[in-house]
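Asks: If you want the building blocks of each chain, they are given just below.
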Amino acid sequence: MRLLRKLGLAAAVCLLLVDVAAANTTVKWLHIEVNPAQVKIWEEVARSYEASHPGVTVEMQFLENEAYKAKLPTILQSKDRPNIIYSWAGGVLKAQIEAGVLDDITDQVKGYSDSITPAALAAFTSDGRVYGLPVALSQVGFVCNKELMAKAKVDPAAIKTWDDLLAAVKMLKAAGVTPIVVGGADKWPLHFYWTHLAVRIGGKPAFDAALRGENGGFAGETFQKSGELFKQLVDLQPFQNGFLGFKNPQAVGYFGDGKAAMTLAISSIYNLQRALAADKVGLSEDKICWFDFPVVPGGKGGQTDTLGGITGWLVTKGSPKEAVDFLKYFISKDVQTRLAAGNYIIPVVQGADAGLNNSFMKLIAANLAKSDYHQNFYDQSLGPSVGRVVNDVSAEIAGGSMSPQDAAKAIEAARKQGN
Amino acid sequence: MARRIAIVSAMGVADETVPQAAIRGPSWDGRFTVLILFLPPALLLFTLFVVLPIGEAAWYSGFNWNGFGRPTNWIGFDNYRFVLETRAFWLALRNNGLIIAVSLAVQLPLALTLALMLAERFRGAVALRMLFFMPYILAEIATGLIFSFVYDGDYGLVASIWRTFGAEPPHLLASTDTAILAVLIVIVWKYFGFHMMLFIAALQSLDKSLIEAARIDGATRSQALRHVVIPLLYPTIRLSMFFAIVGSLQLFDVVMPLTRGGPADSSNTMVSFLYNNGISRMRVGYGSAIGVILFVICVTFAFTYQRWFMRDE
Numbered sequence: 001m002r003l004l005r006k007l008g009l010a011a012a013v014c015l016l017l018v019d020v021a022a023a024n025t026t027v028k029w030l031h032i033e034v035n036p037a038q039v040k041i042w043e044e045v046a047r048s049y050e051a052s053h054p055g056v057t058v059e060m061q062f063l064e065n066e067a068y069k070a071k072l073p074t075i076l077q078s079k080d081r082p083n084i085i086y087s088w089a090g091g092v093l094k095a096q097i098e099a100g101v102l103d104d105i106t107d108q109v110k111g112y113s114d115s116i117t118p119a120a121l122a123a124f125t126s127d128g129r130v131y132g133l134p135v136a137l138s139q140v141g142f143v144c145n146k147e148l149m150a151k152a153k154v155d156p157a158a159i160k161t162w163d164d165l166l167a168a169v170k171m172l173k174a175a176g177v178t179p180i181v182v183g184g185a186d187k188w189p190l191h192f193y194w195t196h197l198a199v200r201i202g203g204k205p206a207f208d209a210a211l212r213g214e215n216g217g218f219a220g221e222t223f224q225k226s227g228e229l230f231k232q233l234v235d236l237q238p239f240q241n242g243f244l245g246f247k248n249p250q251a252v253g254y255f256g257d258g259k260a261a262m263t264l265a266i267s268s269i270y271n272l273q274r275a276l277a278a279d280k281v282g283l284s285e286d287k288i289c290w291f292d293f294p295v296v297p298g299g300k301g302g303q304t305d306t307l308g309g310i311t312g313w314l315v316t317k318g319s320p321k322e323a324v325d326f327l328k329y330f331i332s333k334d335v336q337t338r339l340a341a342g343n344y345i346i347p348v349v350q351g352a353d354a355g356l357n358n359s360f361m362k363l364i365a366a367n368l369a370k371s372d373y374h375q376n377f378y379d380q381s382l383g384p385s386v387g388r389v390v391n392d393v394s395a396e397i398a399g400g401s402m403s404p405q406d407a408a409k410a411i412e413a414a415r416k417q418g419n
Numbered sequence: 001m002a003r004r005i006a007i008v009s010a011m012g013v014a015d016e017t018v019p020q021a022a023i024r025g026p027s028w029d030g031r032f033t034v035l036i037l038f039l040p041p042a043l044l045l046f047t048l049f050v051v052l053p054i055g056e057a058a059w060y061s062g063f064n065w066n067g068f069g070r071p072t073n074w075i076g077f078d079n080y081r082f083v084l085e086t087r088a089f090w091l092a093l094r095n096n097g098l099i100i101a102v103s104l105a106v107q108l109p110l111a112l113t114l115a116l117m118l119a120e121r122f123r124g125a126v127a128l129r130m131l132f133f134m135p136y137i138l139a140e141i142a143t144g145l146i147f148s149f150v151y152d153g154d155y156g157l158v159a160s161i162w163r164t165f166g167a168e169p170p171h172l173l174a175s176t177d178t179a180i181l182a183v184l185i186v187i188v189w190k191y192f193g194f195h196m197m198l199f200i201a202a203l204q205s206l207d208k209s210l211i212e213a214a215r216i217d218g219a220t221r222s223q224a225l226r227h228v229v230i231p232l233l234y235p236t237i238r239l240s241m242f243f244a245i246v247g248s249l250q251l252f253d254v255v256m257p258l259t260r261g262g263p264a265d266s267s268n269t270m271v272s273f274l275y276n277n278g279i280s281r282m283r284v285g286y287g288s289a290i291g292v293i294l295f296v297i298c299v300t301f302a303f304t305y306q307r308w309f310m311r312d313e
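As they're listed, the protein sequences go chains A and B. No gaps in the numbering here: position 214 of the first sequence is 214 in our numbering, and each next residue is one more. No gaps in the numbering here: position 45 of the second sequence is 45 in our numbering, and each next residue is one more.
A few of these clues could be false.
What the hints assert, rightly or not - Computed list of lysine to aspartate or glutamate pairs in EDC-like fashion (alpha-carbon distance at most 16 Å, straight line):
1. A:259 / B:154
2. B:190 / B:154
3. A:231 / A:406
4. A:409 / B:85
5. A:247 / A:64
6. A:247 / B:207
7. A:362 / A:286
8. A:94 / A:127
9. A:416 / B:85
10. A:259 / A:279
11. A:79 / A:114
12. A:362 / A:406
13. A:321 / A:50
14. A:416 / B:78
15. A:28 / A:127
Note that these hints are calculated values from the structure, not bench results. None of the values given here were measured: they were computed from a predicted structure.
Extracted from the complex, chain B is given alone in its bound form (with noise of 0.2 Å):
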């Protein structure tokens, strides 16, 4: 935070608002005044909406409470011993593992293809790119309860093309084998335009004199794509990767008009875990303890990234 402001200051804010800081140069006492100025709102608001309602849920946590009044029956850390017990903890981090994993192996790839394909101009590029990008413009809900119908296993679009080969349509939500599949389709179907786009913004900024260099040097295509434009788009793939990952662990509303995380929890993740628990069975202390739990490995996993992928950014 702090050094932003500097870096602001530095650029010029303090010359144009602060013109004697300006010809002293950017000292400390130009650069004190502007964090005296922009950084009490920034810290209150910073507090008032991240820091507060995460300490009070970690201070939740440690409570058998419903959400009735005040807790009152403090229990220490038994809140995750008992969340670590579930077998359901379990099956919603494997779930978010997959989803993970299907993010990374299957919808960048696909969003990365499509881009190329999709970055040059020609007739229809446009109409093509946003008819990628329209799943990702409808809301969660949405998706989810036009997903439900296309699922239906009597009356849905797979029941149908089932049909037509004659076998008896499975209900592909109402098994356990195969519910999370059926999110994970969703969820590839869903996010894959936005990363697509991500990567044809990246792909029209490249600079073009690059490539056609490796042309004349006698690159195959092919050759040009692999050693040239890639490398030039990892920073975007590497952004890319990180809201896939982080958007992976937050994942809810796509499973709850699916399957709310059913049958028998087997599509469940983290945070619909949390929701089941902490709000439909009113265990405020349990569903806070799970959800301080997730926030320790998105801030975990966020700090890493930043540090080993993402440092020159």
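Pulled out of the complex, with its shape left as it was, chain A reads as follows (with noise of 0.2 Å):
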């Protein structure tokens, strides 16, 4: 009686402290996301999870996209590291992992990470164990302005292959209309011609024998290709001036502004161009137009693979358990709902598409639906050092000071001395 009576304080007091120290409890969780719109959305969801959960505080901290990435090896190894990460999977995300700086949530996730999109889940898992949740699919495609075509007459929807596009883009500027805006000082929206092109010339088998250092690797005939196609755009001048001083945000604020007729984005640029916008309107949901990227003749790769992201959230190592707990519930159906209702992400939990409201965003769902290849960013997959490089070289291109062949034996070089 006396040795229960012991026991039974005894587990009050661990109760009692457990209490305590749950009260104390702080998720941090950085992220980049720059559409306030979005954040608030967020904000919403944290409050309410420490509505239902007394004790615990979600804590959101913000860094811009580029100084998140320069940061990141450093603010993993502090002590006092955020729990919850913004991430791209790929090959940064396997660098993490290697290093040993993230939790292993696959016992946490268990039974739950049934309801998400498994290829989305499986960007975040390495050798059976789950590393993170994705968030938000996307693709890389042309959005483009209705008006501005109409006024060039162009039709979008024969834009097929890449000399259609060629085609447009010397009607835009013959009709006096910039024809494509890009950030180029970011380097990264320049990437996606290169990468697209790649993925449109020699598929995913080409891919993974350029990683295999097959076939010359990123050296191979693909990749030189890649970047020939992509010189005879650049050859148009097709961009607006100044570009590669322009800031992605910029670009997109510019696209917004309807100066440009086209730009080769994210499809989450959709919600992006009107926050960015200088009139904080942007272009309606009637006058944007959207194409797939152009297909390549003879090209390997097929018509409905896709390039896009995968992104999601990390958990970093030691983190408190409800860091996890936070993440199940901010990527449950409800809010991926909610989400996918304010057209801001391809949701990843199956049937939150559902929430999609808009023809934009449902053509973007139904596209990632039917795609068998859908390729994450080069520069995410390739890791940060070869990533950067394909990044480098797309920029040079660009910029017109370095040839095809160069760049290509560049990216080579870059994955040979590894990291």
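If you follow the hints, you should be able to join the two separate chains into one complex; please do so.
Replies: Next up, the structure:
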């Protein structure tokens, strides 16, 4: 009896202590989202989680995209690191897993993870272990301004091949319209051209072979040809004046202001251009058109192959269990549906895409659904050291300071140096 | 270090704090006490904050390492070879050379000319001095941001000036031909005030009687300037040159907000090149190798300069 009472007392004390500990839990969540409307929803989600989980505080921190990438290695090795961080999966994630700075959350998300699109979850899985949860999918393609396209008598729906695109650029130029806007200072928006051409020319087999160093690796024919075709476009001078000095948000704003006919962008631009336009209104849904990246005749890539991102959240080493719990809450069907309803994301939780309510985002979701090969952005999937070289050489081809052949060789040299 | 401590003891520290030593004069004994007392903290700090980080960088430069965990993949001197094989490295080195050249050939003469005009006392001299000194006080990052707006080809000041002449404005920071030029202008604008202040301070402490004597002997104003004032300023000029060159070698924070070293690496300096590779690209070993190369250049320069030009100071 006495023993029981002692045990009971001990249990009570333990419970009390646990409760005290729980009361002090802060989940630090580092994000890179620049669209205030979306951040506002996130804030609301965080606050509602706090309300239903007393004692847990979710603290949001923000870093700009490029600054975030640059600081990440240091952040992750700091003792005061955030618990939840943004990720594009791919080679960077792999390096982080190898370095042991992430928590293996496989057991914590067991069962729950079934609700997520398998391909998206696979991007955050390594050797059967889950290291993060995806939050959104995206596709890279040409977003266009209906009015400006009409002004130059270009039919976006008719742009199917690379030559069609070149012809469209010529017609737009002849009509006095800036054909394409791009944020060249950030380099990665330019790499979309080079990588998407490679996806169209060589498809998945070429990429996988290059990763293994076969067929000349990234110095091989496929990748030289993508540089050459990109050069064809560059030679038409399709971009806005001073494009190498434009940062991506500037370029997106420029498109939102209706100053250029097209931009090769991530599908999330649909909302972003509104937030970044000078008038904060941007182009409404009926003024925007979309066409998939044109095919290259004779190319081995399928017409439905997509290039894009699989973004998600990682939990850093030594984080409180509430971090994963919050993530599960954040990537629940309810919240995903809500974000989809605002057309901020193409959701990854099954069934949440029912929330999508405009034709643009529905089209992207449908594209992704029928894609057999979704290539993650090269600069992410190749890891920081090689991926950044892809960005570099794309910018150099665009600036005319490097030949397509040398560009392909530079990437292969970086792959060989490795990291 | 040891020599300076010896001087301190000879000049009176020993006399006041260690009277016995003073009675016996600045003997080895006294100096030794000072050495024991003052050397260890300095040596400790120097080791901790100078020797160790440099040693660490040199150590990391031997690894192929992405900055996560501990480095394990030893590749010897390969990183140095990779650096030297990179075109962007030589571009960065060339840019550093350009910055030094412009600092010496444009910035310092400009600073000296202004100093000669503003060193005299006249109404508004102080205000003008402050005005010219202002850019130096401004944070580098802010300077960069301000000028990235000034240079903007669509909305910037440069663009509107261009438009008044009816020409299509250039995007200075977006062209491989003009980016480094645009950066150089900002550098001159930002730092000439600092050198001007150095020169003004030196001019004001000059012995006026020498100039007066020259004038009485019939020297014209420009002759007095050339044969008396400038030679008297030599020590300051040498110091100014030293600051200008070392500053140029280390230049980073003006470049980043303006161009981040682009387009196509055309405006990289050694340090921005280091940052772009070592940090952004997570090639810590490679970045360390660049750091070590830069360190060697700086140290070689500093010692050579000390030996050849600043022997007397």
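Asks: Can you give the numbers of the hints that this structure goes against, from lowest to highest?
Replies: 2, 6, 11, 12 and 15
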